[in-house]
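Q: Below, each chain spelled out in residue letters.
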Amino acid sequence: MSNGKFGIHGGQYIPETLMNAVIELEEAYNHYKDDPEFNRELTQLFNEYAGRPSLLYYAEKMTKDLSGAKIYLKREDLNHTGSHKINNVLGQALLAKKMGKTRVIAETGAGQHGVATATAAALFGLECEVFMGEEDTKRQALNVYKMRLLGAKVNAVKTGTATLKDAVSEAMREWTSRISDTHYVLGSVMGPHPFPTIVRDFQAVISKEIKEQCLEKEGKLPDAVLACVGGGSNAIGAFYNFINDEGVRLIGCEAAGRGIDTFETAATMATGKLGIFHGMKSYFCQDEYGQIAPVYSISAGLDYPGVGPEHAYLRDIGRAEYVPITDDEAVNAFEYLSRTEGIIPAIESSHAVAHAIKLAPTMDKEQIMVINISGRGDKDCAAIARYRGEDISE
Amino acid sequence: MRTADAFNNKKAFISFITCGDPNLETTEELLLAMEKGGVDLIELGIPFSDPTAEGPVIQGANIRALSTGVTTDKIFDMVRRVRPKLTVPLVFMTYANVVFSYGIERFVKTSAEVGMNGIILPDVPFEEKAEFSEICDKCGIDFISLIAPTSEDRISNIAKDAKGFIYLVSSLGVTGMRSTITTDIGAIVEKIRENTDIPVAVGFGISTPEQAANISKKCDGIIIGSAIVRIIAEHGENSVPYVFDFVKSVKEAILNT
Chain A
7 MSNGKFGIHG
17 GQYIPETLMN
27 AVIELEEAYN
37 HYKDDPEFNR
47 ELTQLFNEYA
57 GRPSLLYYAE
67 KMTKDLSGAK
77 IYLKREDLNH
87 TGSHKINNVL
97 GQALLAKKMG
107 KTRVIAETGA
117 GQHGVATATA
127 AALFGLECEV
137 FMGEEDTKRQ
147 ALNVYKMRLL
157 GAKVNAVKTG
167 TATLKDAVSE
177 AMREWTSRIS
187 DTHYVLGSVM
197 GPHPFPTIVR
207 DFQAVISKEI
217 KEQCLEKEGK
227 LPDAVLACVG
237 GGSNAIGAFY
247 NFINDEGVRL
257 IGCEAAGRGI
267 DTFETAATMA
277 TGKLGIFHGM
287 KSYFCQDEYG
297 QIAPVYSISA
307 GLDYPGVGPE
317 HAYLRDIGRA
327 EYVPITDDEA
337 VNAFEYLSRT
347 EGIIPAIESS
357 HAVAHAIKLA
367 PTMDKEQIMV
377 INISGRGDKD
387 CAAIARYRGE
397 DISE
Chain B
860 MRTADAFNNK
870 KAFISFITCG
880 DPNLETTEEL
890 LLAMEKGGVD
900 LIELGIPFSD
910 PTAEGPVIQG
920 ANIRALSTGV
930 TTDKIFDMVR
940 RVRPKLTVPL
950 VFMTYANVVF
960 SYGIERFVKT
970 SAEVGMNGII
980 LPDVPFEEKA
990 EFSEICDKCG
1000 IDFISLIAPT
1010 SEDRISNIAK
1020 DAKGFIYLVS
1030 SLGVTGMRST
1040 ITTDIGAIVE
1050 KIRENTDIPV
1060 AVGFGISTPE
1070 QAANISKKCD
1080 GIIIGSAIVR
1090 IIAEHGENSV
1100 PYVFDFVKSV
1110 KEAILNT
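Residue numbers (the working numbering), protein chains in the order written: chain A, 7 to 400; chain B, 860 to 1116.
These aren't lab readings, by the way, just hints derived from the structure by calculation. Cβ coordinates follow ideal geometry from the N, Cα and C atoms, glycine included. Take these hints with a grain of salt, some might be off.
Stated by the list, open to error - Here are the computed lysine-lysine pairs in the DSS-like style, where the Cα-Cα straight-line distance is at most 30 Å:
#1 933(B) - 164(A)
#2 869(B) - 279(A)
#3 279(A) - 933(B)
#4 144(A) - 11(A)
#5 11(A) - 1019(B)
#6 933(B) - 11(A)
#7 279(A) - 988(B)
#8 968(B) - 11(A)
#9 1019(B) - 279(A)
#10 997(B) - 226(A)
#11 997(B) - 11(A)
Unchecked claim - Listed next, the stretches of chain A that the computed footprint assigns to chain B, with coverage defined by at least 3 CB atoms under 8 Å from CB atoms of chain B:
#12 9-20
#13 113-124
#14 141-151
#15 257-267
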């Protein structure tokens, strides 16, 4: 049977208790993904509720300043709830509703996926519980409040490093104990099959729009698409419809934290090796005995020791490139885009902006670069201020 | 020796401890004490940083063991030392990445060489097992299959292909003590029996001699982990006599049913 492999990556490495749940999910998804009524409802939610299509904005000042490639920003930050996460969540919540589930659970790092899930749960009348590392509940207190405001219960996860990976582990444990009425809304292109495929398909609207918008504005495809990569959902969304367009460079920007030569990093592609964790075979930051490494990044959303299996595959076959970006570079980019274009990007998305700042000047003026601004940076202002030695209260 | 030997003419009592909790010297003593107390098969947990199938008690044991610097190689060395003093079958219980990162073939061959008899990987279901079980089959190591209350139509395929014994997960959720087990164990065991003759041991949530005795009536053996690990968490290096007393009480309860 097909169990969702991307080359050697992917699969279904989960407890037997969950197997029928993921099989049921796969069957439901295969049924609904081509169902005209399902797609009509989802498109209506995207357009009327989330505010799609998101803009493809010509960053004229940034283009002039870097004097290289013509730079466009894909404005996923303008979506309802402030990030690309809403695309996947609306799709999965609609699917959960069709499957007769009355409760959703989710993990969250920065809180963007948790807020999006709580939002969809409120809209669909579903009970919602979000698992968030205790460390992250402190870094992103505002998002914790938002989730509670939206009617969700937030569980602070104290195990392990109390960050995103532990939130995923705890959400998986919770799903194992309550399956019949509960759908696990996984937030990234990771975990056991069929999640990497489902999440990719719901996020693929990003590259579908980029393609249409770029053709309309420029009459040609972009030369490079840049996106940040933690688990990799916004990146796969921005890449997917370009995978067969060989001329489009696909560049994922991962979190190097304090540098890939330090232990305080979350750069899986640069420092990880092949392993099996959280339901999938892929690359993971780990020690020589396979113990998952405690990772670090200033960005709670990229602070994850693994990467989605399709990204691992795209790297193996050389179709996509992955570059590490340090905290310092990301913070500089956060400030740069704010000053230059009047757009405050999420610290996650700032990793992609940082690489754009390096890459754009090396490209021709005829060439087009698209940066996926996966989320807005309001949530990060207090943390960045602290990074710069300024203590502001939120 | 094979894992099925534990079930010869008796209801098997299978115990679990995490290697290196609180240290490997105590683990050795605990193994000897558990065999003396009447245990028929022992699961040796190799600690993993992120044990997603475990409840808080065994998660704690994993963290304590790793914090003392226990590694897969040190555990192999410990087994090599203690194996000649033990007569019961031994199986490793760990997570896929521990085996995968060591090199599956190298891990399985070393396991066989030090005298292990089986391997349990709770995050490797039927669909993914070939990568692990084919090498196990060649080396005489039983790759133990798990069946859960949610397995339903999957039971026949899993059971027909199972080796050693079947680990029947008693309840939804993660490992840990439960006051009651509501799953209809008898019905699942019956369904397994339609497909295979190999023994069925029930684990997850069994914590008292009474529960052990009651559940053992419906299957071929019972597995206790968290209740033992909790005693080790409480008494640390001094836990050996407490664990001995506990396993002895469980064994007696099973024998008297």
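Q: Against each hint, give a clear statement of whether it holds in the structure.
A: Verification of the supplied hints:
no.	hint	verdict
1	933(B) - 164(A)	29 Å, holds
2	869(B) - 279(A)	45 Å, violated
3	279(A) - 933(B)	22 Å, holds
4	144(A) - 11(A)	36 Å, violated
5	11(A) - 1019(B)	25 Å, holds
6	933(B) - 11(A)	34 Å, violated
7	279(A) - 988(B)	21 Å, holds
8	968(B) - 11(A)	27 Å, holds
9	1019(B) - 279(A)	35 Å, violated
10	997(B) - 226(A)	57 Å, violated
11	997(B) - 11(A)	26 Å, holds
12	9-20	holds (count 5)
13	113-124	violated (count 0)
14	141-151	violated (count 0)
15	257-267	violated (count 0)
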